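> Listed below, chain by chain, are the residues.
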Amino acid sequence: MLQHLLNGFTVGSIYALVALGYTLVYGVLKFINFAHGDVLMIGTYIALIVFNFLRTFIEPSIAFIIAILAGMASSALLAVLIERVAYRPLRHAPRLAPLLSAIGLSVILSNTAALIFGTKSQRFEMPFNNTPIHWGNLVVTPYQGLILLTSLTMMVLLHFFIKMTRTGKAMRAVSEKPMVAQLMGIDTDRIIRFTFILGSALGAVAGILVSLDYKVYPTLGSLIGLKAFIAAVIGGIGNISGAMLGGILLGVLETYGVAVLGIPVGYKDSVAFVLLIIILLWRPSGILGSNKREKI
Amino acid sequence: MTTLLSTQGLSRSFGGIVAVNDLNLQINKGIITGLIGPNGAGKTTSFNCITGLDSPTGGRVFFNDRDITGFSPPRINRLGIARTFQNLRLFRDMTVFENVMVARHHTSSFSTLLSLLRINDEEKKIQIAAGHWLERLGLWTHRDERAQDLPYGLQKRLELARAMATEPTLLFLDEPAAGLNRTETEQLMTTLRDFRDEGLSIVIIEHDMHLIMNVCEQITVLNFGQMIGQGTPKQVRTNPLVIEAYLGKDDHATR
Ligand SMILES: Nc1ncnc2c1ncn2[C@@H]1O[C@H](COP(=O)(O)OP(=O)(O)OP(=O)(O)O)[C@@H](O)[C@H]1O
Ligand SMILES: [Mg+2]
Numbered sequence: 000m001l002q003h004l005l006n007g008f009t010v011g012s013i014y015a016l017v018a019l020g021y022t023l024v025y026g027v028l029k030f031i032n033f034a035h036g037d038v039l040m041i042g043t044y045i046a047l048i049v050f051n052f053l054r055t056f057i058e059p060s061i062a063f064i065i066a067i068l069a070g071m072a073s074s075a076l077l078a079v080l081i082e083r084v085a086y087r088p089l090r091h092a093p094r095l096a097p098l099l100s101a102i103g104l105s106v107i108l109s110n111t112a113a114l115i116f117g118t119k120s121q122r123f124e125m126p127f128n129n130t131p132i133h134w135g136n137l138v139v140t141p142y143q144g145l146i147l148l149t150s151l152t153m154m155v156l157l158h159f160f161i162k163m164t165r166t167g168k169a170m171r172a173v174s175e176k177p178m179v180a181q182l183m184g185i186d187t188d189r190i191i192r193f194t195f196i197l198g199s200a201l202g203a204v205a206g207i208l209v210s211l212d213y214k215v216y217p218t219l220g221s222l223i224g225l226k227a228f229i230a231a232v233i234g235g236i237g238n239i240s241g242a243m244l245g246g247i248l249l250g251v252l253e254t255y256g257v258a259v260l261g262i263p264v265g266y267k268d269s270v271a272f273v274l275l276i277i278i279l280l281w282r283p284s285g286i287l288g289s290n291k292r293e294k295i
Numbered sequence: 000m001t002t003l004l005s006t007q008g009l010s011r012s013f014g015g016i017v018a019v020n021d022l023n024l025q026i027n028k029g030i031i032t033g034l035i036g037p038n039g040a041g042k043t044t045s046f047n048c049i050t051g052l053d054s055p056t057g058g059r060v061f062f063n064d065r066d067i068t069g070f071s072p073p074r075i076n077r078l079g080i081a082r083t084f085q086n087l088r089l090f091r092d093m094t095v096f097e098n099v100m101v102a103r104h105h106t107s108s109f110s111t112l113l114s115l116l117r118i119n120d121e122e123k124k125i126q127i128a129a130g131h132w133l134e135r136l137g138l139w140t141h142r143d144e145r146a147q148d149l150p151y152g153l154q155k156r157l158e159l160a161r162a163m164a165t166e167p168t169l170l171f172l173d174e175p176a177a178g179l180n181r182t183e184t185e186q187l188m189t190t191l192r193d194f195r196d197e198g199l200s201i202v203i204i205e206h207d208m209h210l211i212m213n214v215c216e217q218i219t220v221l222n223f224g225q226m227i228g229q230g231t232p233k234q235v236r237t238n239p240l241v242i243e244a245y246l247g248k249d250d251h252a253t254r
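Chains as they are written, first to last, in numbering that gives the first Met the number 0: chain E, 0 to 295; chain A, 0 to 254.
The set of hints was computed from the structure by calculation and includes no laboratory data. Every value quoted in this text rests on a predicted model; they were computed, and no experiment measured them. Quick reminder that beta carbons are idealized off the backbone N, C-alpha and C, glycines included. It cannot be assumed that every hint is accurate.
Computed footprint of chain E on chain A, listed as stretches where at least three residues anywhere in the stretch have a Cβ under 8 Å from a Cβ of chain E [said to hold, decoys possible]: (1) 29–35; (2) 64–75; (3) 93–101.
Here chain A stands alone, though its shape is the one from the complex (with noise of 0.2 Å):
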């Protein structure tokens, strides 16, 4: 299996606080990846270090075997990464279509010009993608809604839509079961499955063992912002420090 992004001696401390420490990751190509460890273990802040938002403050990262530590969000996303967050994050007063149109935004002010004057149909090829990733995650119907007044289910299916248009290789989720039903949560895992047979690298934070276990070809489990195990579910599930750190601490283990 090829490594498609890889973290080395990833650090990063607030203060006192060591959140993530001397963290080396390996996220391998074309599968769903999970990483699971307790409430403050240092799973937001590895996603917020390794896609720009936040910088790390020691150690490297590597995608596509090309040093990309501190580089820019926009810069990160155009080499083909996108995210989502454990908090909704959308654009709330736009609507949902507009919400997917931004995602699609990066290209030259020179073709928004050449577009206003209709010289080229770059404003039509963005509609048409957007109205693509829509319609693929069952929200073309809502389309001119505001995205606030969205349910919190749909909600959370425009932030996935809206990552996607961005046209990642490697797509990072955080907790994105977390609110959701059963119901959703089985449409989610169908989703997540889709999307990595059609070649998606996917990276899943999740507190949901059942997805974590039933999606995941592989699983990295971190306590105290350091990896305490990885493998397959079943290598995961029979690890002893994992279940140490799970037992009697979280609850959501359980689920």
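Looking at chain E on its own, in the form it has when it is part of the complex (with noise of 0.2 Å):
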């Protein structure tokens, strides 16, 4: 039991790295950024790059720490990029235009990473030693250690920088009032950017330990990033312990559905819709989003 519970954590917490990128933009922006899941894909393709390159010359440990700074560097830097030439020509638009702009980007890069990187998944080759330890009859793999250690730490890292800093108390401004933030003298383009950069390098970090496990392949964002919105929404879009609690609670009901409920594996995924649809008819904003209806 407590080994799934485990299990479900580790997955949870991919899920609650990757959503916090949905749910901060959308803080920001109002704006679903489904070209996300791509972006961290990217990302993970540089990394592996770098990885595969440095770790002839260097200590593979030390090659996977550069590895995931340079994906997080280069999905920030894609994000920047994206942000400026597709969604802020676009910000005064109906509000379905920055939309279509990001599916169609999401399209574009998932296409051009097949085409550049090819459709065949590939491997990190064991950064370090994976075999698994023993407590009592818990199982944690290393990599599993990784993931929670990581995604955790990064979680707590956020919630004191946006509770904290200047640019958390901009950020949590621009989020609420736009307008008003822009007299107090905050730069709100500078905000924007500054978020999309902070959620896709959670991304990119989320996209480099999920294929520590598995692969990684050109729609590895599409998948994990479905998810993750899912999550969000769960969570209440636009709250960051929303993001987190929703990453989580998917992540351990998704294991213990197939575990201890047997649902087949093939269907796993269908856990995630089921669980969304209960959700949004119990609160139609999410677990934590608030409840007050939007002024028309």
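Using the hints, build the complex out of the two chains.
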């Protein structure tokens, strides 16, 4: 039982990291960045390339750390570029326009990745030893430990960043009342750009961590992105704690669904949708989402 | 007296409605100017055009002899212009303290990084400045409360504190006394006179004639987007055009 909880938490923390990217951007722009999953996929590929290149020279674990940083940086860069050319010009257009732009980009990115990197999946070849550790009847792989440790640390850091720092406050201000934030001298464009950087860097970390256990392939982003998007909606889109909660909840329930309720593995992904429907019927704006209706 | 801000032929129309029509405003330095007029006269729209929230469809805005028409709101704010709103627009989910600290945001992200690493004391300076304005407006004891949990009168004051924390030289107030009781209004009047005595220039939109007539040195009257009168409280009170605009039309004027 505890084992499933642990496994669920591990998957869930990955969903949570990616869900944060959706929710942060939604917070400041009130828009779903459907290209998020593909941006993190590109970052994961870059990390893989950097890793494969470096591991012949240096200690694999150090190569892996450098690869993560490179992945984060390239996802962030790509996100900034996309924001500038594909979203910002549409900021005052009807809401559907940037959404379509994002969906289009998502298709372009995953196809470009297939073209450049091939459709065959690749993997990080053992950055370090992954022999499972046994604690009583609990089995933890070092990868799992790394995933949990990294993602939880990132979430805690993010929490304090948003709460304590000036940029964090500015992000909250922009997300609540962009016009007033501007009048307070806040450069909203800069805050929005920063939000994209933050979200996509977190996403890249999630992409890299998840491909330790699975693999890297061009549609990696769409699959994990869809789950994470559902997690963000379940938790209450725009709400940071909601994204974390939604991600973990989804991961745990999925794992339990397969292991305890005996849902066939092939149907595992349907857990997310069923959960989404139930939650939205019960609370239309998600578990932690505010239920105040938008003014028309 | 020196002119601090002026508009030349300022106009703003919304489709067929001409909200502001060829307006030549003149705001003098170091005094409190009142901007009055019946509902829908175009007062708020003029504020919006001056503070960069709205773009005028015609005319220009000058601040310290510099053409600031079309400048972005953060840029206008950094030049020293701040405002409050007719309907409260606080950051409702933030604490009182955070609301005012946000107003001190405009420093580079580089210095944010430095203060995270504790290399400079920017963050400390922000807290001190924010604390100063909270204390001055009697909000210090409420600093950790969420803005939306404050009583209405204090929320109004918080909006004033937040505007002041951006360190303006010119402050625009859109109906600062609306919804306040007599005592609160008197308090507000004292505060505004204090600010003026310290060198701040203020423009007030207000329907409360008691406040307008008692704190303003200059009054400009708008009707249908146009200026119909201007002068000292005494001159304005006896201006037949102004009396006509208000008579029978507006119940606030008799307050
Ligand atoms: N965004 C808008 N779209 C269309 N019409 C508008 C808009 N903003 C203002 N108006 C119109 O412009 C006119 C002037 O409005 P404004 O809010 O400036 O008046 P006001 O003098 O501030 O009035 P009040 O004393 O009621 O606040 C009104 O007729 C109003 O309906
Ligand atoms: Mg108004």
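> Does each hint hold? Answer for all of them.
Verification of the hints:
{"no.": "1", "hint": "29–35", "result": "violated (count 0)"}
{"no.": "2", "hint": "64–75", "result": "holds (count 3)"}
{"no.": "3", "hint": "93–101", "result": "holds (count 4)"}
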